[in-house]
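*Asks:* In case you want the letters, here they are:
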Amino acid sequence: MRSSMGTFMPVVLLALIGLVPAPAVEAADRDKLLSEPGVYGTFAVFTLDEDWAKEDQATRIAHLTVLRGVVEQHREHVAIDLYLMRGLSDHADLMFRVHAAELRETQKFLLDLQSSLFGKHLKTAGIMHGLTKKANYVPGFPDQMKADLKPASEPGPKPYAIVIPIRKNADWWTLDQDKRLAMMKEHTEAALPYHKTVKRKLYHSSGLDDLDFITYFETSKLEDFHSLILSMEKVKEFQYTRRFGHPTLIGTAMSLPELMEALAQ
Amino acid sequence: MRSSMGTFMPVVLLALIGLVPAPAVEAADRDKLLSEPGVYGTFAVFTLDEDWAKEDQATRIAHLTVLRGVVEQHREHVAIDLYLMRGLSDHADLMFRVHAAELRETQKFLLDLQSSLFGKHLKTAGIMHGLTKKANYVPGFPDQMKADLKPASEPGPKPYAIVIPIRKNADWWTLDQDKRLAMMKEHTEAALPYHKTVKRKLYHSSGLDDLDFITYFETSKLEDFHSLILSMEKVKEFQYTRRFGHPTLIGTAMSLPELMEALAQ
Amino acid sequence: MRSSMGTFMPVVLLALIGLVPAPAVEAADRDKLLSEPGVYGTFAVFTLDEDWAKEDQATRIAHLTVLRGVVEQHREHVAIDLYLMRGLSDHADLMFRVHAAELRETQKFLLDLQSSLFGKHLKTAGIMHGLTKKANYVPGFPDQMKADLKPASEPGPKPYAIVIPIRKNADWWTLDQDKRLAMMKEHTEAALPYHKTVKRKLYHSSGLDDLDFITYFETSKLEDFHSLILSMEKVKEFQYTRRFGHPTLIGTAMSLPELMEALAQ
Amino acid sequence: MRSSMGTFMPVVLLALIGLVPAPAVEAADRDKLLSEPGVYGTFAVFTLDEDWAKEDQATRIAHLTVLRGVVEQHREHVAIDLYLMRGLSDHADLMFRVHAAELRETQKFLLDLQSSLFGKHLKTAGIMHGLTKKANYVPGFPDQMKADLKPASEPGPKPYAIVIPIRKNADWWTLDQDKRLAMMKEHTEAALPYHKTVKRKLYHSSGLDDLDFITYFETSKLEDFHSLILSMEKVKEFQYTRRFGHPTLIGTAMSLPELMEALAQ
Amino acid sequence: MRSSMGTFMPVVLLALIGLVPAPAVEAADRDKLLSEPGVYGTFAVFTLDEDWAKEDQATRIAHLTVLRGVVEQHREHVAIDLYLMRGLSDHADLMFRVHAAELRETQKFLLDLQSSLFGKHLKTAGIMHGLTKKANYVPGFPDQMKADLKPASEPGPKPYAIVIPIRKNADWWTLDQDKRLAMMKEHTEAALPYHKTVKRKLYHSSGLDDLDFITYFETSKLEDFHSLILSMEKVKEFQYTRRFGHPTLIGTAMSLPELMEALAQ
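Residue numbers (the numbering used here), protein chains in the order written: chain S, 47 to 311; chain D, 47 to 311; chain L, 47 to 311; chain G, 47 to 311; chain X, 47 to 311.
Please note: incorrect hints may appear among the correct ones.
To be verified - Below 30 Å or equal to it, Euclidean Cα-Cα: the simulated DSSO-like pairs (lysine-lysine) are: (1) LYS225/S with LYS280/S; (2) LYS169/S with LYS166/L; (3) LYS242/X with LYS179/X; (4) LYS280/D with LYS225/D; (5) LYS231/D with LYS280/L; (6) LYS280/L with LYS282/G; (7) LYS225/G with LYS214/L; (8) LYS280/G with LYS204/G; (9) LYS169/D with LYS192/G; (10) LYS267/S with LYS204/S; (11) LYS245/G with LYS192/G; (12) LYS245/X with LYS78/X; (13) LYS204/X with LYS231/X; (14) LYS78/D with LYS179/S; (15) LYS179/L with LYS247/G; (16) LYS282/X with LYS231/G; (17) LYS214/X with LYS204/X; (18) LYS282/G with LYS100/L; (19) LYS231/G with LYS179/L; (20) LYS78/D with LYS180/D; (21) LYS166/G with LYS169/X; (22) LYS169/X with LYS100/L; (23) LYS180/G with LYS78/X; (24) LYS245/S with LYS282/S; (25) LYS169/D with LYS166/X; (26) LYS282/G with LYS180/L; (27) LYS180/L with LYS204/G; (28) LYS204/L with LYS179/D; (29) LYS78/D with LYS214/S; (30) LYS214/S with LYS247/D; (31) LYS247/G with LYS214/L; (32) LYS245/L with LYS192/L; (33) LYS179/X with LYS100/X; (34) LYS280/X with LYS214/L; (35) LYS192/D with LYS247/S; (36) LYS280/L with LYS225/G.
To be verified - These stretches of chain L come out as covered by chain D in the derived footprint (C-beta under 8 Å, 3 or more residues): (37) 134 to 143; (38) 195 to 209.
Derived by calculation from the structure, the hints in this document are not laboratory data. Ideal placement from N, C-alpha and C gives every residue a C-beta, glycine not left out.
Next comes chain S alone, as it looks inside the complex (with noise of 0.2 Å):
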């Protein structure tokens, strides 16, 4: 994306945002937070106010370097990423995904992000809460599914982010676990052709928020991400659910430097 973005930009902000290396946010947790059960996963979306546009563009980087400045300050508690909203989501131009052992922690950095010079320019568009478990289905799976559940993602970069919340109805959860195994067993029958491709995190958020479940996707083929959730609308599990999407959230996963790259213009 920079290079096209580079077009338009100057050779000063080029130095300004472009040279800073990124910021260490890969801190000592953040393996354990992005991997482990028991851990908060916030999704705070946030769209730039009307002054955003008028600043000129020193005082945008100025106040994007004060973003870096706060990012770098929570990163020893929060692993923090970051994706560009605008020009895919309505209403939404940047997104934080935010883990934390605890939500106070995530707390302090929203508070502290809304309180910085940067923060100033942010309108709250939506913050949705979930929680990593333990996965609560597959150890009931056939142990050939376990094995095709087991290898990662293709390695590569996957630039597209998607996060979908999902609310189930009553019916499902008064189901008993043996049924909703067996649903959740064609739901990931149907899924496995897209296991390579399509990255999946889960969400628990039942009392956290107006939610059961946040899913979340990362692809570099779209496509793929689309059959996928096809998929999914096929099997019978898909008809105890009350609510999918609104929003569906889709942006692009960026780096800090090449966020503030885009912001700076």
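Once you've looked at the hints, dock chains D, L, G and X against the given chain S.
*Replies:* Just chains D, L, G and X now, with coordinates in the frame of chain S:
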């Protein structure tokens, strides 16, 4: 939270806010208002307007001192609890939970709040009212269950507060009392394992708002709270629920000085 | 309410507003408009804009004097009641209940109100219209029930006012009159215990608004009102209700000088 | 309405507006546009922005004169009717009903309107389109009913105008024509008693908007209109209605000079 | 449309805009993007902010020249179509339909658009994404139907463009392919009479948005389009539709110079 926030806070601010003793909101009848039936509970949620962020810190502190004055002035008639919602809830920065013997007392407090210098920065994001009543179904519960319900939740700070408004459907209300009692027994049984770590308070709202109940929770263990709600979704009574959340409000309970410190930044 | 508010109010304001006699809104035909069938009732709810809070008190008093002028000018044609909603209802600061023989008279009043210096600070939050009609089902009730319905509610101030819009579903309207009569008898029986303490007025709205009815309540005992609504939810007729509230409007009835005093602050 | 409004209006305003002859909007093909099938009817609803109230009267009159110019310029191609909604409808100040042989002509008028000095004060609150068509079911009605439908409604002013958008459900459209005809016969029979006092016009909207029909009513007797809608709710065809109103738009029909006078204040 | 609009337009504007040749948006791969499967189609709808109306014409022309620059810069990677929505759709002034092989290319264009001087006046009213795919059911259709579908729609300008988003319900997706094929045959049969005058294009959206399909129509005969939609509502497949429209977007297709002329006013 103070230590983390303090890193950004100039010494003068700590002097102005941090050393101020917490106002004696624990006035004479606070205990009664928080424990007895026949008390009105109001949840008033506000956002800070865009000008707030633009005021300098001295002005913000002056305005927060006005807030303290308004709270102190009304503490004889109403019991006021404060919550920081920013960073955890969409479009809400702070919440007041107000208990009063008469809803007019609450209106007077909120009027004075909104007319104050601080209040000019507040936009009302939502107001919900409910009434505390004697337990409806407990008298019909078995003795063992009654005994299990008696002990208060574990002592110690419970920083997280969650508010979930509920509306039952028409079928619920036309069930006879026996059937509702049986379902509430199942409901209570499923909730008991979380009795110690999740404190709960119920408000009856029919007619006072577009709701039947406001459920209020306090906990230091959000994961237990999540498990509690998940258990509630699995009992039969949940099928008679027409609205659950929308909004689910989540924030952290704060003393007035803590809230002032958080907002002064 | 005056004593509490007065604590903040300078003497000059009391002189300007407090001593002004209540405008004679009890004009010639007010009694007829409030009691007869064939009268149009309009509930117009407004918020005050952000500039209102920024005007100094002298300006606010000047504007409120204009409000009084507009109300007085129209009192020959329409009956106007005033309610303070701020502090009790979301996004509503004041409500006008206007009764008129012709809806055009109400439009003229609201036009003049909105064109006035005071009205420039008002934003329309909602307008609902209904028509008073002769009791539909009472003639078919048993004599004892008719007798029980006759006495007016207890005298004395009823500060709380609640407005609940209602829409019945299509099944209700296709029931034959006998079946609806039987259900309304059950409904009325359940409501009777609250007849003395909760005053009630019914407006028919089909076609005049996205509603079938507007129900208006006045009481000094909100707990009785809550019990009344709970009783209404338990009768069979409630199952034919598609919309109940949304919004439920709750406020306190005020004389014009009381409202002026509350808003002058 | 003029006499009442005039009480506040300086002589100079009456001179500027009151003496201006009504623009000859009754242009050549207005009658055809208002009576023939195959004509597009657009209901465009606007609010005036906050700056309008702040302009002085001379400026407002100048802007309203521009409105008159735009209306006159387009009267050869489109038939324009004006309605004052302020005071009767939420969030709507005025409505234009525009009839045109081609929807592009309507777009041209509304573009010129919005680009004009007056239009800069307008915010679009809603636009709905429909198409006039030959009566669908009348050919299958009995002769007596056809005869009853023939006479036009009573002459004389019909100041109130009401617009109710309607969407039928999927079941309605899959019924065969005979069953729909039978239900429309019942519908028409129930509507006949109000034929003289409530004028009605039907627009077909499927595909042109999120609607199936726009129903437009004119009357001087709002109570008759209310009774008409109540009758419509009681026939079987109403059970196939998915949306009725939302919004129900209610206002008063005005000539251009009357509307200018009302808005000049 | 130019002749009518030109009546208000000074000669200098015509010189600045009218004589400018249409930018060569028909770049190399436009035809492929508009006809092949596996292409992403984005519908981005914007309103102009209040400041736009207040800019003088020279500034507006300067900004529109920037719009032309952004469009030209991206035409190698994306195919861009423009529509004037103002006057026909609520709260939308213009629409961009963008086709790209990768959604990132579309994001780049919309980012550059929004960062541009012209874009600072735009507010995003909505963004919807879909993917073109090979016809799903046509291979199973009888040969005669396949033949009937082959000819392109009649040549000549089709000024009206309509976008209708669609979501099917869960029952639709669990039907087996045979049953869906049978219903799509009925659907296509009912649509065939309008094949010549209404051009249609289908985008698959599951997962990319809160939709399953985006249907796009072009026609010069809106009445035929209305009849087409009416026919679609009458076939069995329509009963499996959960959302149809909301919003229905309607506007007129324009070349870039035509749009510039319309917005320069």
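*Asks:* Does the alpha-carbon distance linking LYS169/S and LYS166/L stay inside the 30 Å limit?
*Replies:* holds, 28 Å
*Asks:* Given the hint that LYS169/D pairs with LYS166/X, test it: the Cα-Cα distance must not exceed 30 Å.
*Replies:* Holds - the C-alpha atoms of LYS166/X and LYS169/D are around 27 Å apart, at most 30 Å.
*Asks:* Holds or violated: LYS78/D with LYS179/S, Cα cutoff 30 Å?
*Replies:* violated, 40 Å
*Asks:* Keeping to a limit of 30 Å between CA atoms, is the pair of LYS180/L and LYS204/G held or broken?
*Replies:* holds, 25 Å
*Asks:* So if I understand the rule, the pair passes when the alpha-carbon distance is 30 Å or less; does LYS245/X with LYS78/X pass?
*Replies:* holds, 17 Å
*Asks:* Please work out if LYS180/G and LYS78/X have their alpha carbons no farther apart than 30 Å.
*Replies:* Since the Cα atoms of LYS180/G and LYS78/X sit roughly 43 Å apart, the hinted pair is violated (cutoff 30 Å).
*Asks:* Need the status of pair LYS204/X, LYS231/X: alpha-carbon distance at most 30 Å?
*Replies:* holds, 26 Å
*Asks:* CA of LYS179/X to CA of LYS100/X, is that 30 Å or under?
*Replies:* At roughly 44 Å apart (the allowed maximum being 30 Å), LYS100/X and LYS179/X break the hint.
*Asks:* CA of LYS225/S to CA of LYS280/S, is that 30 Å or under?
*Replies:* Holds, at roughly 17 Å.
*Asks:* If you draw a straight line from the CA of LYS231/G to the CA of LYS179/L, is it 30 Å or shorter?
*Replies:* Roughly 29 Å between the alpha carbons, so the hint for LYS231/G and LYS179/L holds.
*Asks:* Do the alpha carbons of LYS242/X and LYS179/X lie within 30 Å of each other, as the hint requires?
*Replies:* Status holds; Cα separation ~22 Å.
*Asks:* Below or equal to 30 Å on CA atoms is what counts here, so check LYS245/L against LYS192/L.
*Replies:* Holds: LYS245/L and LYS192/L sit about 16 Å apart, inside 30 Å.
Checked against the numbered hints above, the structure breaks hints 9, 14, 18, 23, 29, 33, 35 and 36 and satisfies the rest.
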